[in-house]
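Participant: Chain residues, written in single-letter form:
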Amino acid sequence: MKIVVCVKQVPDSETRINLAAPAARLDRSGFTRVLNPYDAYAVEEAVRIAERTPGTEIVAVTVGGDQVKETLKKDCLAVGCHKAVIINDPALAEVDEQGLARVLAAAIKKESPDLVLCGLKAIDDDSGQVGIMVAELLEMAHVSVVTKLELGDGKLKAEREIEGGKEIVEAALPALVTCQKGLNEPRLPSLPNIMKAGAKPMTTVTCAELGLAVPERTYEIKLYSPPAKRAACRLVEADDPAAAAKELARLLREEAKVI
Amino acid sequence: MPNIAVFLEQRAGELKKVGWQMISKARAITDQAGGEVWAVLLGEAGGAAVAAGQYGAHRLVKIVGGDFAVYNANTYAAALQKFCAARKPDLVLVGATALGKDLAPKLAVRLQCACLSDSVGLKYENGFEIRRPIFAGKCFIDATPRTACAVVGIRPNAFTLGAGAGGPAAEETFDAALAGLNPGAVVKEIRAGGAKKIELTEAERIVSGGRGIKGPENYKLIEELAAALGAAAGASRAIVDAGWVEYSHQVGQTGKTVGPNLYLACGISGAIQHLAGMSSSKCIVAVNKDANAPIFKVADYGIVGDLFQVVPALTTAIREMGA
Ligand SMILES: Cc1cc2nc3c(=O)[nH]c(=O)nc-3n(C[C@H](O)[C@H](O)[C@H](O)COP(=O)(O)OP(=O)(O)OC[C@H]3O[C@@H](n4cnc5c(N)ncnc54)[C@H](O)[C@@H]3O)c2cc1C
Ligand SMILES: Nc1ncnc2c1ncn2[C@@H]1O[C@H](COP(=O)(O)O)[C@@H](O)[C@H]1O
Chain H
6 MKIVVCVKQV
16 PDSETRINLA
26 APAARLDRSG
36 FTRVLNPYDA
46 YAVEEAVRIA
56 ERTPGTEIVA
66 VTVGGDQVKE
76 TLKKDCLAVG
86 CHKAVIINDP
96 ALAEVDEQGL
106 ARVLAAAIKK
116 ESPDLVLCGL
126 KAIDDDSGQV
136 GIMVAELLEM
146 AHVSVVTKLE
156 LGDGKLKAER
166 EIEGGKEIVE
176 AALPALVTCQ
186 KGLNEPRLPS
196 LPNIMKAGAK
206 PMTTVTCAEL
216 GLAVPERTYE
226 IKLYSPPAKR
236 AACRLVEADD
246 PAAAAKELAR
256 LLREEAKVI
Chain G
8 MPNIAVFLEQ
18 RAGELKKVGW
28 QMISKARAIT
38 DQAGGEVWAV
48 LLGEAGGAAV
58 AAGQYGAHRL
68 VKIVGGDFAV
78 YNANTYAAAL
88 QKFCAARKPD
98 LVLVGATALG
108 KDLAPKLAVR
118 LQCACLSDSV
128 GLKYENGFEI
138 RRPIFAGKCF
148 IDATPRTACA
158 VVGIRPNAFT
168 LGAGAGGPAA
178 EETFDAALAG
188 LNPGAVVKEI
198 RAGGAKKIEL
208 TEAERIVSGG
218 RGIKGPENYK
228 LIEELAAALG
238 AAAGASRAIV
248 DAGWVEYSHQ
258 VGQTGKTVGP
268 NLYLACGISG
278 AIQHLAGMSS
288 SKCIVAVNKD
298 ANAPIFKVAD
308 YGIVGDLFQV
318 VPALTTAIRE
328 MGA
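Heads up: the protein sequence lines correspond to chains H and G, in order. Under the numbering used here, the first sequence has 40 at position 35, and the numbering climbs by one with no breaks. Under the numbering used here, the second sequence has 295 at position 288, and the numbering climbs by one with no breaks.
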């Protein structure tokens, strides 16, 4: 069994975007970078499959710059991935989701995996596109938003979250799954394993080495803007909770007109 | 003169409201810029032409020639790909629902066109401009497609419904003539999550509880207020991780992103990751005993007090008012 996990390094969820006014560019320097939390579920799931399926090889693949190495080592190789592939090409700095998917698909194809695991979405662009696009480009079945995964007999059975319920989905391998919280509880790397991870193979390739032209963007970003400013909070004060609640209900109906 | 195709999602023959919201917006654009709004339906749903027309669709196109009763990514994408190749819409709007989010990226790759997820704004001036949040709402982008068509996911409740005074849409069928498709991922079973709960991402009102509720047994206070308001019940990650409520209730950067008309946060401090998921709500109300809790920085209304007293009192007040 061979598993490819697509991992992205993203700004920490604590990140504040300092954007006072609309701007043509977003300054992304100075962000603390971590493994995308949804990709941690993908890595963990791969490691669990490998633990119960002897002979499984896990390859972590990412498109990113030199700074991804630390994340790959600590959050992928040290928790059980066997090797890492970085597609590092300055020309890729501007690609969009579809471009990333094309680059990833080219790299994944070389690995001929039985299973590709991605995160549900990256918490920077919040797109939830790349995994599904990779599957389409590789002509693989995909199941998105997966909270339970079983493998057997050359196929997978997955539970995916839908509005107000779950869908049970089956697909033949090779297939791609996007991982949602609830799938598993990612482990933390141990210090000795982080030390040992340094010896695991980490290769870097460029777009040209994948035999691929740098994909063109399918859309432009004209403007980045901060969220609309909210008015100051109006605190409802009254003699007792019942009176405050009554007054709040009145305001919500008569002033805010939301109930 | 842009023609806008609006994908109408049906589940078990029931049409999703986001479809009408998208038609309303699309019609406002074609009224200005010319062009038509085409509501596109896969599968069977009663009354679609009447409802689609009401909100402003010029045509209701029923795609036939495949089994569309239950969602299958391969059949849905193939059918829409054929339709788009034949009719060349300038924009395809898809609701950002579980189904729409699964379908849109696949369709965009097939059409080799731009794809924008979970968008909240749409304009047309010599081309489309699409607004969407990134970093879970800490920032917004305005995007312009470079491709002839674009597939755009629209967040439920981002657009308001039109007056709904139009006559029925002109009905037509499009034969996708699908045959010999690889089935891909096949839905074997759909399990409803118990009693008919209001889905967070589609809800117009949400009441959420956080660690302030002190224990799982008190989540019923949140549920009771939600029921009185006809709202969905949400949660902070703290109480999801504690196992007090299911993950499907989590709101925030690693939970659901929501934008209801009313978001009522009870015993939630307002951590940046929670705010990320709900700060686009139209009206935010906070109940917290700590006047310095960050949630009050984004709230429109607030009560500083003990939720164990305030929340039941609010439930009573709302019931008496008959919301
Ligand atoms: C990668 C990452 C992702 C995350 N994603 C999310 C996410 O998606 N969603 C999310 O919510 N969090 C998320 N978090 C967690 C987030 O940082 C906070 O820890 C969490 O939101 C806190 O939940 P809380 O407000 O319920 O609890 P607390 O911060 O403990 O707040 C409890 C609040 O209740 C109030 N309170 C206590 N008793 C009462 C009472 N009797 N009456 C009234 N008020 C009372 C307190 O004053 C306090 O403000 C994430 C964190 C990380 C690192
Ligand atoms: N630069 C990247 N390198 C590797 N995988 C990525 C990259 N960007 C996105 N992905 C994968 O695609 C998923 C969805 O990303 P997105 O569509 O950007 O929200 C992520 O969770 C990753 O698994």
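Some clues are possibly wrong.
[What the hints assert, rightly or not] Each computed DSS-like pair below joins lysine-lysine, with the alpha-carbon atoms no more than 27 Å apart: (1) Lys251(H) with Lys79(H); (2) Lys263(G) with Lys234(H); (3) Lys221(G) with Lys251(H); (4) Lys171(H) with Lys114(H); (5) Lys262(H) with Lys195(G); (6) Lys227(G) with Lys289(G); (7) Lys195(G) with Lys251(H); (8) Lys234(H) with Lys7(H); (9) Lys160(H) with Lys195(G); (10) Lys7(H) with Lys263(G); (11) Lys7(H) with Lys195(G).
Simulated from the structure, these hints should not be mistaken for laboratory data. Here the structure is a predicted model, which is why all the values come from computation and not from measurement.
Participant: Okay, which hints does this one fail, numbers in order?
Facilitator: 1, 4, 5, 7, 8, 10
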